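Trainee: For the record, the sequence lines run as chains A and B.
Sequential numbering of the first sequence, starting at 1, is according to the numbering used here.
Sequential numbering of the second sequence, starting at 1, is according to the numbering used here.
If you are wondering where the hints come from, they were derived from the structure by calculation, not from laboratory data.
Please read these numbers as outputs of a predicted model, since none were measured by experiment.
It cannot be assumed that every hint is accurate.
[To be verified] The following residues of chain A were derived to be distant from chain B, with all beta-carbon distances above 10 Å: (1) SER53; (2) ALA157; (3) SER195; (4) THR219; (5) LYS258; (6) LEU438; (7) ARG500; (8) TYR512.
[Claimed, not checked] To give an idea of the chain A side of the interface with chain B (calculated C-beta under 7 Å), a few residues: (9) LYS331; (10) ALA333; (11) GLY409; (12) GLU412; (13) ALA413; (14) LEU417; (15) THR420; (16) GLN423; (17) LYS427; (18) PRO431; (19) VAL514; (20) ILE526.
Built from N, CA and C at the ideal position, the CB exists for glycine as well.
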Amino acid sequence: MMKGFNRRLLAVGATVIAALGLAWPAQTTHAADNGTFKVGMEAGYAPFNWTQSTSANGAVKIQGSQDYANGYDVQMAKKVAKALGKKVVVVKTDWDGLAPALTSGKIDAIIAGMSPTAERRKTIDFSSTYYASKLTVVVRRDSKWAKAKSINDFKGAKITAQLSTFHYQAIKQMKGVIKETAMNNFPAMRVALESGTIDGYVSEVPEGITAQDANPNLTYLKFSKANGFKTDPADVDLAIGLRKGDPDKATINETLAKISTAERNHLMDEAVANQPTTDKQGNWLLAILKQYGPMLLRGTGMTLLLALVGTLVGFIIGLLVGVIRTIPRQKKAAQRGLLAVGNWLLSVYIEVFRGTPMIVQAAVLYYGAAQVMHINMDKTLAALVIVSINTGAYIAEIMRGGIISVDEGQFEATHALGMTHWQTMTKVILPQAIRNSLPAVTNEFIVNIKDTSVLSVISVSELFFTGETISGQSFQFFHTYLIVSAIYLIMTFTISRLFRLIEKRLDGPKNYNVENNQMQVVTPTIK
Amino acid sequence: MTEPIIEVRNLKKTFGTHEVLSDINFAVEKGQVISIIGRSGSGKSTLLRNINLLETPTSGDILFHGESILADKFDLPLYRAHVGMVFQSFNLFNNLTVLQNVMVGQQTVLKRDADSAKKHALELLAQVGMDPYINAKPSQLSGGQEQRVAIARAEAMDPEVLLFDEPTSALDPEMVDDVLNAMTALAHTGLTMIIVTHEMAFARDVSDKVVFMNQGVIAESGTPDELFGHPQKPETQEFLKRYLNRV
Ligand SMILES: Nc1ncnc2c1ncn2[C@@H]1O[C@H](COP(=O)(O)OP(=O)(O)OP(=O)(O)O)[C@@H](O)[C@H]1O
Ligand SMILES: [Mg+2]
Numbered sequence: 001m002m003k004g005f006n007r008r009l010l011a012v013g014a015t016v017i018a019a020l021g022l023a024w025p026a027q028t029t030h031a032a033d034n035g036t037f038k039v040g041m042e043a044g045y046a047p048f049n050w051t052q053s054t055s056a057n058g059a060v061k062i063q064g065s066q067d068y069a070n071g072y073d074v075q076m077a078k079k080v081a082k083a084l085g086k087k088v089v090v091v092k093t094d095w096d097g098l099a100p101a102l103t104s105g106k107i108d109a110i111i112a113g114m115s116p117t118a119e120r121r122k123t124i125d126f127s128s129t130y131y132a133s134k135l136t137v138v139v140r141r142d143s144k145w146a147k148a149k150s151i152n153d154f155k156g157a158k159i160t161a162q163l164s165t166f167h168y169q170a171i172k173q174m175k176g177v178i179k180e181t182a183m184n185n186f187p188a189m190r191v192a193l194e195s196g197t198i199d200g201y202v203s204e205v206p207e208g209i210t211a212q213d214a215n216p217n218l219t220y221l222k223f224s225k226a227n228g229f230k231t232d233p234a235d236v237d238l239a240i241g242l243r244k245g246d247p248d249k250a251t252i253n254e255t256l257a258k259i260s261t262a263e264r265n266h267l268m269d270e271a272v273a274n275q276p277t278t279d280k281q282g283n284w285l286l287a288i289l290k291q292y293g294p295m296l297l298r299g300t301g302m303t304l305l306l307a308l309v310g311t312l313v314g315f316i317i318g319l320l321v322g323v324i325r326t327i328p329r330q331k332k333a334a335q336r337g338l339l340a341v342g343n344w345l346l347s348v349y350i351e352v353f354r355g356t357p358m359i360v361q362a363a364v365l366y367y368g369a370a371q372v373m374h375i376n377m378d379k380t381l382a383a384l385v386i387v388s389i390n391t392g393a394y395i396a397e398i399m400r401g402g403i404i405s406v407d408e409g410q411f412e413a414t415h416a417l418g419m420t421h422w423q424t425m426t427k428v429i430l431p432q433a434i435r436n437s438l439p440a441v442t443n444e445f446i447v448n449i450k451d452t453s454v455l456s457v458i459s460v461s462e463l464f465f466t467g468e469t470i471s472g473q474s475f476q477f478f479h480t481y482l483i484v485s486a487i488y489l490i491m492t493f494t495i496s497r498l499f500r501l502i503e504k505r506l507d508g509p510k511n512y513n514v515e516n517n518q519m520q521v522v523t524p525t526i527k
Numbered sequence: 001m002t003e004p005i006i007e008v009r010n011l012k013k014t015f016g017t018h019e020v021l022s023d024i025n026f027a028v029e030k031g032q033v034i035s036i037i038g039r040s041g042s043g044k045s046t047l048l049r050n051i052n053l054l055e056t057p058t059s060g061d062i063l064f065h066g067e068s069i070l071a072d073k074f075d076l077p078l079y080r081a082h083v084g085m086v087f088q089s090f091n092l093f094n095n096l097t098v099l100q101n102v103m104v105g106q107q108t109v110l111k112r113d114a115d116s117a118k119k120h121a122l123e124l125l126a127q128v129g130m131d132p133y134i135n136a137k138p139s140q141l142s143g144g145q146e147q148r149v150a151i152a153r154a155e156a157m158d159p160e161v162l163l164f165d166e167p168t169s170a171l172d173p174e175m176v177d178d179v180l181n182a183m184t185a186l187a188h189t190g191l192t193m194i195i196v197t198h199e200m201a202f203a204r205d206v207s208d209k210v211v212f213m214n215q216g217v218i219a220e221s222g223t224p225d226e227l228f229g230h231p232q233k234p235e236t237q238e239f240l241k242r243y244l245n246r247v
């Protein structure tokens, strides 16, 4: 409804995902039919779906997580699953990953506040409507506009709406209003409304209910069909996304037909009442930390895990590639040929992984493998694999530079002693190459901490995705991302300091002692 | 006549079109100390580097105890362990301490255990007077100290032959003697040595045989007395005249 597919700047990722969808439209996979109904949603789009830490109010556990999902969509999913005789499983999925997750069989349905646009119908099918939203105007309860019966009763009122939404377009339908500049989010509009900067804003009914609940000075208006906004069903109707040709579609539509409008409104009222609210009074930092601290901690942990494992494994890959690529010319023709092929393959690996965005690699591996090769990979595993391979490609080049920068004389001296290439590398060259490239490796680590945020495309709940969830349901965008930035900064700063220490350790003491009794000296180990 | 340890036959080496070694033939017998002298660019280093295969000969052959070192089945690492090399620029391993530098080859190539490698290293370091510096890193030493460690490192492999490529050329004059003394002591142990040097007095005093190289060929060779006392070829005479003050 309120958002397009390319809500974030994920154009590349979305393109590849779309390409995958178009290239193999017929080969859609069905999620394992073991009595579960896997539903994809962001779990961060209140009141339709959100994440909470307890099972209160009939929440459903999120797959592979300690958190629960709840909201209008979750309650709807439970009803549908019951009709199908299955158990609901909520798969927390990033918005841009919903369609590919469906076509690749990672989930069975999208119930995520999604509207059945023509664009989306190209790749997936939709059920009938499960919630019909309406446009409303939110006003101050004590203002004269609170008595408006029609959208044309607002002559002279200052009206706005959210940026880049059809809500803002709809202001055109209100005769004689003063159209103010669009605003970024609802909290900002609520503040503007209360302070009198604006007289009202156009939004959908769920936001109207939410605003009224959050602030008793505000209310939203109900218009009769004739006096209300004219809207495109593709904008306001929400439907369940299904794979094309899903045999359950008929059953699902029958079930939805049996849920009356009154019942739907009741479900929505309940969702609004139950949605998590962040205490606006007092310290916002403490409020967010108190409510979302454990979630932020888990997100931070996932980011650290991805960056740490990715950098470590990438480092080992990089070292091995570096060693192979510096093997001297072999005497035997067969070995020479093998080495040439190996080197060529390694160059291809490095060029491909350095030359494509990680977000695309992740989408191809996770969704592509599921769709084309029917390999259903765990998303955390997929994320670890991608970060490692990607980092390996970069570190391989860093290491090649580090190895080349070691003085030629060091190689000659090892050869003169009769060391093999492997001994040369492990005892003499790599320790120096690693020391020389440590600042660049530190950089890779820091880049990984930040860039693993693109892995939210395969719905890995790392820090950035967690931030999205929290801001999506608390509406405290600025404050949430401020905290998230601070966490990123603490992590990257700590890591750069830590590596400085490691560099110092590797360099050893600045001075040495002149030894007078050598046999007392501990036998050194050569690493 | 005893069988030579190393025999160089019709050795030719070209870099691109530049022929650096034309037709080198010579043999090294056990216990011999051979000095190679000659002008800069005459191919002395290239000859040594071919002998332990840091460069691949263009044609000709090099025999070690009668066996071609260029053969496919030849065990190159083992050969290199038997033929040590001391470089003009020392080439100590920068990541290792003095003691580790002298131990690492023994442990990795000769598979000696750490304790016996250490014992051997300490003896050799004591012989070159570097035992007080075992915990130093190469970057913390002077050139003369580094070169003495490099000599101990090469010796530690118990080589049959040691190759020296201008071991004192990169040193300040006051350090040259320390290194030359260490080498003289080595020569007296009966080790086979091939030494490229510009130190004529040293070459005359310690060598059994002196080889004069000129433009990629061995122009003249003989005992120190023959070569320094009665050089036959005009180019040898001219070369020695320049170094006369030093002899
Ligand atoms: N890798 C190489 N590629 C091309 N030419 C080379 C190479 N190595 C040496 N040469 C050339 O071969 C010739 C002989 O060099 P070499 O180092 O053997 O001389 P040298 O007798 O050791 O001289 P010096 O007394 O200055 O050390 C020189 O002209 C040099 O430029
Ligand atoms: Mg030279």
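Trainee: Next step is simple, just say for each hint if it's right about the structure.
Mentor: Hint check:
1. Non-interface status of A:SER53 relative to chain B is upheld: no Cβ of that chain comes within 10 Å, the nearest being about 50 Å off.
2. Here A:ALA157 stays apart from chain B, with its beta-carbon at least about 76 Å from theirs, past the 10 Å limit.
3. Residue placement check: A:SER195 keeps its beta carbon more than 10 Å from all beta carbons of chain B (closest about 67 Å).
4. With 10 Å as the threshold on Cβ separation, the claim that A:THR219 sits away from chain B holds: the shortest Cβ distance comes to roughly 74 Å.
5. The beta carbon of A:LYS258 is kept farther than 10 Å from every beta carbon of chain B, the shortest such distance being approximately 75 Å.
6. For A:LEU438, the shortest C-beta to C-beta distance to chain B comes to about 13 Å, beyond the 10 Å cut-off, and the non-interface label holds.
7. With a least CB separation of 19 Å from chain B, A:ARG500 remains clear of the 10 Å interface cut-off, as annotated.
8. For A:TYR512, the non-interface assignment is contradicted: its Cβ lies about 4 Å from the closest Cβ of chain B, within the 10 Å cut-off.
9. Checking A:LYS331 against chain B: minimum C-beta separation of about 6 Å stays under 7 Å; hint holds.
10. About 10 Å separates the beta-carbon of A:ALA333 from the nearest beta-carbon of chain B, more than 7 Å, and the hint is not met.
11. Evaluation of the A:GLY409 hint against chain B yields a held restraint, the C-beta minimum of about 4 Å falling below 7 Å.
12. A least Cβ separation of about 6 Å between A:GLU412 and chain B falls short of the 7 Å threshold, and the interface hint therefore holds.
13. Evaluation of the A:ALA413 hint against chain B yields a held restraint, the C-beta minimum of about 4 Å falling below 7 Å.
14. For the restraint placing A:LEU417 at the interface with chain B, the shortest Cβ-Cβ distance is roughly 4 Å, inside the 7 Å limit, so the hint holds.
15. Proximity of A:THR420 to chain B holds as hinted, the smallest CB-CB distance being about 6 Å (cut-off 7 Å).
16. Contact between A:GLN423 and chain B, as hinted, is supported at the beta carbon level, the nearest pair being about 5 Å apart and thus within 7 Å.
17. With 7 Å as the threshold, the beta carbon of A:LYS427 comes within range of chain B, its nearest partner Cβ sitting at about 6 Å, so the hint holds.
18. Because the closest C-beta pair between A:PRO431 and chain B is about 4 Å apart, less than 7 Å, the hint holds.
19. Satisfaction of the interface hint for A:VAL514 is found here, the shortest Cβ-Cβ separation to chain B being roughly 4 Å, below the 7 Å cut-off.
20. Interface hint at A:ILE526: satisfied, since its Cβ lies 5 Å from the closest Cβ of chain B, which is below the 7 Å cut-off.
Hints 8, 10 from the list above are not met by this structure, while the remaining hints are.
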